[in-house]
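Enquirer: Please take these sequences and the hints and turn them into a complete structure.
Heads up: the protein sequence lines correspond to chains A and B, in order.
Start counting the first sequence at 1; every next residue gets the next number (full-length UniProt numbering).
Start counting the second sequence at 1; every next residue gets the next number (full-length UniProt numbering).
Taking lysine to aspartate or glutamate pairs in the EDC-like style, the calculated list, with each CA pair at most 16 Å apart, reads:
#1 B:Lys171 x B:Glu161
#2 A:Lys89 x B:Glu173
#3 B:Lys313 x A:Glu10
#4 A:Lys52 x A:Glu28
#5 A:Lys52 x B:Glu179
#6 B:Lys95 x B:Asp152
#7 A:Lys14 x A:Asp84
#8 A:Lys5 x B:Glu39
#9 B:Lys313 x B:Asp174
#10 A:Lys317 x A:Asp153
#11 B:Lys149 x B:Glu173
#12 A:Lys89 x B:Asp177
#13 A:Lys22 x A:Asp84
#14 A:Lys316 x A:Asp153
#15 A:Lys89 x A:Asp11
#16 B:Lys304 x B:Glu77
#17 A:Lys89 x A:Glu17
#18 A:Lys5 x B:Glu24
#19 B:Lys130 x B:Glu74
#20 B:Lys313 x A:Asp11
#21 B:Lys130 x B:Asp177
#22 B:Lys313 x B:Glu39
#23 B:Lys149 x B:Glu96
#24 A:Lys89 x B:Glu179
Every beta carbon over 12 Å from chain A, so not counted as near; a handful from chain B, in silico:
#25 Leu87
#26 Pro156
#27 Asn314
#28 Tyr320
Everything labelled a hint here was simulated from the structure, so no lab data went into it.
Predicted model only: the values in this text are computed from it and were never measured.
Yeah, the Cβ is synthetic: ideal placement off N, Cα and C, and Gly gets one too.
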Amino acid sequence: MTTPKAVFGEDINKETESLYKKQRKLGEGTYAVVYQGQHIKTGRTVAIKKIKIGNMRSGLDMSAIREVKALQELRHPNVIELVDVFSHKTNLNLVLEFLDTDLEIVIKDKSLFFMPADIKSWMMMALRGLDHCHKCWLLHRDLKPNNLLIASDGQLKLADFGLAREFGDVKRAMTSQTVTRWYRAPELLLGASNYTGAIDIWAMGCIFAELLLRTPYLPGESDIDQLTVIFKARGTPTEDDWPGMSKLPAVFKFDKHPRPQFSDLFRGSSEDAVGLMNQMLSFNPSSRVSAADALNHPYFTNLPRPTKPAKLPRPKKEEEEAADIDSTSGARKRQLHDAFSEDGDVFGGKAINTADGPAAPKRMDMRISSPA
Amino acid sequence: MATTHKPQLYQQTSQYRDWRFTSESLAQQRAANNKQGIERVLQGLREEAQVDDGSGTSEARIAEATKNLLTPNEEVELIDYYLQTILTYTRIYRKENLLKADAANNVKATAINFVKRFYLHNVVFDYPPKTIMLTCFYLATKVENSFVKIDDFIRPLATAEIKRNGKALTKNEDILDLEFVVIQSLQFELAVHHPFRPAYGFYLDMQAYIDNKPLLKEVYERTHHYIDQSLYTDLVFLYQPSQIALGAFKLAAKDKDLDIDPYLTECFEARLLETLYTILDDIQEAISSHKPTTIDKAREIDRKLILCRNPEKNPNSKLYKKKAANQEDAPYVSDSDSE
Chain A
1 MTTPKAVFGE DINKETESLY KKQRKLGEGT YAVVYQGQHI KTGRTVAIKK IKIGNMRSGL
61 DMSAIREVKA LQELRHPNVI ELVDVFSHKT NLNLVLEFLD TDLEIVIKDK SLFFMPADIK
121 SWMMMALRGL DHCHKCWLLH RDLKPNNLLI ASDGQLKLAD FGLAREFGDV KRAMTSQTVT
181 RWYRAPELLL GASNYTGAID IWAMGCIFAE LLLRTPYLPG ESDIDQLTVI FKARGTPTED
241 DWPGMSKLPA VFKFDKHPRP QFSDLFRGSS EDAVGLMNQM LSFNPSSRVS AADALNHPYF
301 TNLPRPTKPA KLPRPKKEEE EAADIDSTSG ARKRQLHDAF SEDGDVFGGK AINTADGPAA
361 PKRMDMRISS PA
Chain B
1 MATTHKPQLY QQTSQYRDWR FTSESLAQQR AANNKQGIER VLQGLREEAQ VDDGSGTSEA
61 RIAEATKNLL TPNEEVELID YYLQTILTYT RIYRKENLLK ADAANNVKAT AINFVKRFYL
121 HNVVFDYPPK TIMLTCFYLA TKVENSFVKI DDFIRPLATA EIKRNGKALT KNEDILDLEF
181 VVIQSLQFEL AVHHPFRPAY GFYLDMQAYI DNKPLLKEVY ERTHHYIDQS LYTDLVFLYQ
241 PSQIALGAFK LAAKDKDLDI DPYLTECFEA RLLETLYTIL DDIQEAISSH KPTTIDKARE
301 IDRKLILCRN PEKNPNSKLY KKKAANQEDA PYVSDSDSE
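Expert: Here's what the structure looks like:
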């Protein structure tokens, strides 16, 4: 064994920084700028997410800490890989694997046609990634199509862990103001401060429905409206459907909506698919299916087999797209997580601005969409 | 128990990946840091002498520093003293209600761990533990989901300082300016696994094997005392949290005259048990033999440290001020962004 050399923190950081170069800007939010970059020696293309910390009064902000902390512990084919981290002055730079599209873009691209086996493949990859997070006792807390990125080989990966935190300690309260509204579970909308991986499953259920419908399933216009939209779509739950519901902090007198026939809306979908989706969208969080159990659902074992990732439909390459729309800027911009302002109090449990802003009435689309 | 080939979840953690050592490799690492740290101190002093327009004082200054250089062991002793002050601060923040009761334990343990990890990639000559400890504490509140605004974090410190010295000394930037060097030295790995949770798991598990439940509960409560002790030792770099938890359990069981071996023999194969007992003995020995550094000893080392600080990293040194001024004069170069 060789005698170890001294390794000082600042030197490790400088060395890491010297390994990469930034090439072009891919997108920008108030919280971060994302660049395409390269590992100089190997030539590997990476994404470098530069988090601006400089103007934060209390130093490193919580979403940066949460994201770094979570990603350092997660190593899974269906979770975005954190390749390296370095800081430059007061910027934190996350070197992430480069992923060129996301599920929202795929869903919105009306030139793409989905086979049932394609949807099964995306759901399987998403649930595998989520199952891994939950096995590591981590909640993602911001699942939506926009945060499910897709690699050039078709692999789907969970990304954007700025709201992720560990769970499992029943005594510790957590904020219910999390998850982009359309994907927010009913227990969160009703103010629960103790919740589990079931909130991520609800979001996955919404994503599942969105894949089947090609449009957001439960697009509420405000937090109150969100519950109404859910109840109209799924029927107002009773205390029998969801024991304990009436004890949640924000419960009020709901309008009673009957439970509709799901088969009408999801006419083209298999019984298996609708069956699993219903288990993921169960009102009672404790009877909502877990990621591990969802993966064992007949939906995944029955035919058709999930499409191989490389064979999945994907949007046209950027260059083609740029040529099509005759734009000088071929760079597709992905909308980024906007930071919670420091006074937004992510921590005390008041308000969290999620990617679309707290009220997100409409999804802003910063991308150059392909001609529909 | 059946052996599986799937790696355990613990083996996928950054704690397992990057923060595992043997006693030998730890000692070597610290010696190497110390050696290179000293070279940097001497180099810094020589540079400072030039800033000092070459008056004859530099030789005397270097000779004085050389006489007072700290050994790797003295570094460890000094760090240990400041680790203990973390407990004091935890109590203060609890009293001020800035830390919730259920979070305080984890914040404290993570802060201690951060300081210990920090000094595997730094030396006290560059960064004395007194302020590093505070920055680690502050970072730990964030990492453990118990964020405190910086002004609130400073206030109790200022109150204590005014009581002691008549004026507040610690400023926001004293803590925040070090946040980046701390997080760099932690290799941007922030999740720390402590023995508290596995200890609770063992406690639940043992209830099936041990009849005297009230005594078992007492033992479990006593276990926390030994886990707290273990945080100050190097055990966290040598063993897994569950092993440390079980070692602490054995010590607590001894105190309360409870035999937990029936549980162990029931749960582990004889072959594994032999290895486990060796590990547990080692852990118990390390916890029992840890002697906290006394305040007198810490003062003595701190006094020496004043004379052997690396001026390059010391904001109060002439060299540091000159370098900082030069940087301000230099034309602003934006970072490597290709906008």
